[in-house]
Amino acid sequence: MGRAYAGVLGYLAAAVTFTRGVIASGGVEGTVLSAVAAMAIFAVIGFVLGTIAQATVDRSVREQFELQVQADSSTPAS
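In the numbering used here, the protein residues as written are -7 to 70.
No wet-lab data here; the hints were simulated from the structure. These numbers come from a predicted model, not from an experiment. A portion of the hints provided could be inaccurate.
[As the list claims (entries may be wrong)] Each pair of labels, with its calculated beta carbon distance range: (1) V24 to Q62: 55 to 61 Å; (2) A16 to L41: 24 to 30 Å; (3) T48 to G18: 34 to 40 Å; (4) I44 to R12: 25 to 31 Å; (5) Q60 to I33: 40 to 46 Å; (6) L59 to G(-1): 14 to 20 Å; (7) R54 to R12: 30 to 36 Å; (8) L4 to T67: 26 to 32 Å; (9) V20 to R54: 47 to 53 Å.
Think of the CB as a built atom: it goes at the ideal place given N, C-alpha and C, for glycine as much as any other residue.
Work out the full structure, taking the sequences as your base and the hints as a guide.
The structure is reproduced here in structure tokens:
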């Protein structure tokens, strides 16, 4: 999930930066440099957030599974 978030946030940041450069009639070099920097920064942020989200989901699913197994093993079989 971390790589997916990194890709989405990185490309979104680059697209927003390119759009801002076009609207503001910015120079090509400055716009591209800003877009690459924004993509790198937001890709790192997305990777970290995605990794945290994946760990949270994994932990929650594991806990729910363990509770279900415990509940199933404590009920008498018919």
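Going down the list of hints, with the structure as the test:
1. V24 to Q62: 55 to 61 Å: holds, 56 Å
2. A16 to L41: 24 to 30 Å: holds, 29 Å
3. T48 to G18: 34 to 40 Å: Because 39 Å falls inside the window, the suggested range holds.
4. I44 to R12: 25 to 31 Å: The hinted range 25 to 31 Å holds for I44 and R12, with Cβ atoms some 28 Å apart.
5. Q60 to I33: 40 to 46 Å: holds, 41 Å
6. L59 to G(-1): 14 to 20 Å: Roughly 34 Å apart at Cβ, these two residues miss the hinted range, so it is violated.
7. R54 to R12: 30 to 36 Å: Given range 30 to 36 Å: violated, Cβ gap about 43 Å.
8. L4 to T67: 26 to 32 Å: violated, 48 Å
9. V20 to R54: 47 to 53 Å: Holds: the Cβ-Cβ distance is about 50 Å, inside 47 to 53 Å.
Hint compliance for this structure: hints 6, 7, 8 are not met, and every other hint is.
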